[in-house]
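Peer 1: This is what each chain is made of:
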Amino acid sequence: MDALQTQHAAAAASPAARRLRGGGAGHAAPRRVEFGRPRRGGSARDVLSVAGPGRFSVQAAGAVVQGGTKNSRDVEDVGAVRLFVGLPINSVTDGATVNSARGIEAGMRAVKLLGVDGVELQVFWSVVQPESPDKFSWTGYRAVADMARDEGLSLRVSLRIHGSPGGSVPKLPSWVGAAAAKDRDILFTDGAGGRHEDCLSFAVDELPVLAGMSPLQRYEAFFRSFVDAFDDLFESTITDVTVGLGPNGELRYPSYPPGSDVTQFIGVGEFQCYDKYMLAQLRQHAEALGNPMWGLAGPHNAPGYDESPDSSEFFRDHGSWDSPYGDFFLSWYAGKLLSHGDRVLGMASRVFGSKPVELSAKVPFMHWWHGAQSRPAEAVAGFYKSNKKNGYSPVAKVFAQHGCTMVVPGMDVCMNKQQRNTGSSPDKLLVQIKNACRRHGARIAGENASLVMTHTSSFPRIKSNIVTAELMRPTFFTYRRMGAEFFSPEHWPPFMEFVRSVVCGEWDEDDETAAAVSTYDELPQPV
Amino acid sequence: MSAVSWSIPAIPRAIPPARSGPPGEAFLVAARPRAARSRAAPRRVRLARGGVVVAHAGAAEVPVADSGEAAVVFSEKFPLRRCQTVTSSMPRRVEAEPDADGKCKIVIGCDVEGKWLLHWGVSYHGETGSEWDQPPSEIRPPGSVPIKDSAIETPLETSPNSEGHILHEVQIKFDKDTPVAAINFVLKEEGTGAWFQHKGGDFRIPLSGSLKDGDPLGAKQGIDVYPGVKPEGSNAQLKEAVPGEKGPSTKCISEFYEEYPILKSEYFEHFVSVAVTENSETDKSLVEFYTDITGDVIIHWGVCKGNTMTWEIPPEPHPPNTKIFRQKALQTLLEQKTDGTGSAVSFLLDADYSGLVFVLKLNEHTWLRNLENGFDFYIPLTRVEQFGSTQEPHRAGEHKLDDKSAQTDGLISDIRNLVVGLSSRRGQRAKNKVLQEDILQEIERLAAEAYSIFRSPTIDAIEDPVYIDDPESVKPACSGTGSGFEIVCQGFNWESHKSGKWYVELGTKAKELSSLGFTIVWSPPPTDSVSPEGYMPRDLYNLNSRYGTMAELKQLVDIFHENGVKVLGDAVLNHRCAQFQNQNGIWNIFGGRMNWDDRAVVADDPHFQGRGNKSSGDNFHAAPNIDHSQDFVRTDIKEWLRWMRKEVGYDGWRLDFARGFWGGYVKDYMEATEPYFAVGEYWDSLSYTYGEMDYNQDAHRQRIVDWINATNGTAGAFDVTTKGILHMALERSEYWRLSDEKGKPPGVLGWWPSRAVTFIENHDTGSTQGHWRFPYGMEMQGYAYILTHPGTPAVFYDHIFSHLQQDIAKLMSIRCRLKIQCRSKIKILKAEQNLYAAEINENLLMKIGAGHFEPTGPVNWIVAAEGHDYKIWEAAS
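Chains as they are written, first to last, in numbering that gives the first Met the number 0: chain A, 0 to 526; chain B, 0 to 876.
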């Protein structure tokens, strides 16, 4: 404070110094990063140990914080959000080696010093079990996890059973790919016959299509192998396990065009129910309901991937979706997604139930075309509830049943970034998701959709979503992800400021009392 | 005139904020256990000012209750500090009536104790804005020191005034028809470095102009003098304002007297001591408080259980004179000692509480907190042992641990200390700031490192040699590397400055160098320099040096251009010598067109007291290292480089001591100046094990490659790795070192040949310095290697103009004839004890070493050059 003003005085006093003031502003920049109020003193584990064994450390911490001063707020709204940073998606690509290990190490250290709680590691089935169903190779991922442990960072592991479009990671294990080459119908298929090479159809979850076992059994083997390989880290480092339930790690249908980058796609999308297994189940379902004609195929009048919902009959206002047939189809379609989620989460909670980790899974954040009554983008991704009710509600219910936290990507998405003509409404969608979770008692966590670029209001947006939100505050937030752009001079400084402000809080922003403290702090300065 | 106010306000932390959000709550939890830990073991307590208080004092002064089996659980003396402000005045007056010498005078005074400096300048008629000029010498009082070009500092003289008070004042005398329109000043107290300003700007005394329009000083609007001067300007009064014509001059000099109040805060050190004794019989703890503060002192306290740190009120009975404060805390008035030496209280507490938390309250607005952390004092009521294993955070920070994670922990705990200490007093703040900057610098360094790695994760793969047959098709690959066919000549040695007209002498050799086949000449550092060789630059825009004048330099560049040779300027960007001293006598204020101050100097070299950020690289300790992370520094450097490109005509750069700052900044500079060719000197030590140079020098070349990579490939780097390995290979006949594990050249040229500038000697390693001289008599083997291999070879001046010239010229002509360039393909044929042989470009064979080698195979190889332990063949066409 004093130094700042001294400098100010010097600058004002001399024109020579004044000339430098443009630079001076830059110079003053680091000072803005104040080591302010900590979110908490020790690590989550310190607090946890106080509270005794508890599965969800944040809740436990929240309860402790609350202490005797009870108020009406739900317990789960109280804890301070834990902050994670995503590691590069291609940290490990061939099972045994870590790519850019030195970069990851330096990056971990940097974020640790910054005050971040942990890092997130994406673990791909295709990397761990690349060649045969009998062999798992954990060396590379293990090395990364050890780095996190050595830095004293928490680790959130995202187990991915599907590929990552755009990343340089193989989509599916080659032996799964071989099975898919024999029976193309185990892959998701759109109306035009396009196959999603990186995604097994939910309809084959329990069919023995993978070398004599069902995909669900294979997933379970993958998860169990993970538990075995990282057993010693569950007590110390691994705090969170996020189960990938579908494409892009999210519980959803791959409603985007096959082979495209899911993160870039903002069209309505198309239904993915045209593999023979899906169609068989649809037919069976229609027959059971006494309407066999409805079970012959998907809706014939749905728009194409990039078409406007108004361009054809199905999703138009008062269109076919609003008819008994529409409700029949959409309910079945969403129900298939839900039962897939239920199956995998049920298996995961059996596998991880005994471990002190917070289980979570991700849902998509499809904020586009939210203005349309039919919510077409959500519907084709599998989020639908009859009578125009909240499509996320049944999903939240399943999550809550399995004690699973719902990870909502898109906590950074601002209205002003989106094209208005897609009817995007990130705010409404977030409220909708929170309402669904609140009703069913599921916790939420957050991620950002993309690196925050400068000149947007995304960092304030994230902050308001994760720190100042009154209700349904996320239990953790993962900022994705490390890489060249992340550490670039364009991105890193604002990110640093963001983290500092989240980690330390800001005196003048909390409430009146805090403001009072800061006023009292303005003492007459000694001369 | 002195008003005493007790003013260390504090919020009693026991009162939870009415609508406190969860972060606030989380914070309470966070801060307290930490306070508890640092409190737990009696230890040295740091005072922001005024020595050290050792624990275990104070207990004796407390009236100890008689208890036979008392065991001392805790005893410590905490420092306290309260603030007292002293108001005084700063008068100033202008006497317009000329004195005996025909001079008017201004008197500026101050009656606050201290060592005062008047920092001032003048403005002239017709000038607008608030720019300052240095006062004309005739009006400078004795003892004035010029500060840069625009201000001077004059110490205030101390003299007792009529009432016996000490008065500091300075007189400025001037002719009444002076061209000076106004005097601008601020006051500075040297002891504390505090500045006094007027409304955040300068004080201004107009020496001319009329007062008719009202008060030019704006005194009526209130005076807002920083720091500490009361904002109400009520005392400021215009005693006299006599506008009027004085003699023939049209100038109006007003006569007036003004006073500004100055508020000076002083701290007084006190202490509070707390002792806890356990009485096993009663199962209660006796808590004793004692403080040396006189007057009413209240302890505002509560107890807590377990580690919760939640304030609770213990059950009745409470000590005498105790009030319950909002059901959250107790307030107990301390009993004043009859002899006036302080106040004390003692009471019993149940032993099942884990701790006691308190702050002191003096009156409604004055709370005294724990100086150490700015929050509550924490007194453990149970035995210390249970905290025994807890590492003391300060200690952890002090130890330089090798273990990386321990080091991180150290930093982390420092961060936590910072966090805890946030709202404590200023002294600590200053220390915290340094620490905080350190951590931020470390974070930034790590991020920069991560950035450079992630940007190009697989450097090896970047540069697969490109085969280019037709030189016409070669485009400048990218800014900074030339055509690929360059051969560099270092156009000076360590003695060149001695001639005084080196530029002229080198110019006469331009034709010869060009005909030998050089395409680039590296000219010496051109700027004004403290050392004659030019590597201690001072005024960067002054290009007159011991090598010649700027005009001669321009001429030199022109001559080389006429001969088709490009010229590199030697740019010393890492450090710069200062022209002026700062107030501490440290040379860190720069002059000339780039008149930076100490903010341009990196903060981590204590010799130069820089106020910039920490260096982004290594430090060169002989001169202030420039902080390239500052925008204004980079802007100025870019401007300078562009100026040299344009004015002098340089085609590119040789960058001195590139280790000193991050390559990313170099990228910035290169992009701003678009050099034809640029090469950086990234020279650090190779890897050795037990004094023996390692075979694998990948780590060394990786550092150089990382640097090149950070520059985004806009600059190449000298291949120090290759030079080092050649030393060893030739000196000890260990030619096997010249092939790495993958069968490629082991230096930078094996990884990134187009950015490797190979050399065997330069002005530092050889010449009259000889810091790392190439093995004597084996220079030609070295040149046979670098002039036949990919990379861009650089030949040292001393070698060209020596008996080696003919041999070197021959090798260069072979390189040109066979179109060997920086990316040429190389196949190592032999790398044995006494023999190295390689095939380059499929049309050249070379061998060095004593071992026998003769080419075989279908190609008809003709000997092209031969010398001691080297031989070169070319394919017959």
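No lab work stands behind these hints: they were computed from the structure. Please note: incorrect hints may appear among the correct ones.
Cβ pair distances, simulated, as ranges [as the list claims (entries may be wrong)]:
#1 Gly850/B to Ala210/A: 57 to 65 Å
#2 Asp93/A to Asp437/B: 50 to 58 Å
#3 Glu234/A to Gln335/B: 31 to 39 Å
#4 Lys134/A to Asp437/B: 16 to 24 Å
#5 Asp437/B to Ser463/A: 25 to 33 Å
Ideal placement from N, C-alpha and C gives every residue a C-beta, glycine not left out.
Peer 1: Which numbered hints does this structure break?
Peer 2: 2, 3, 4
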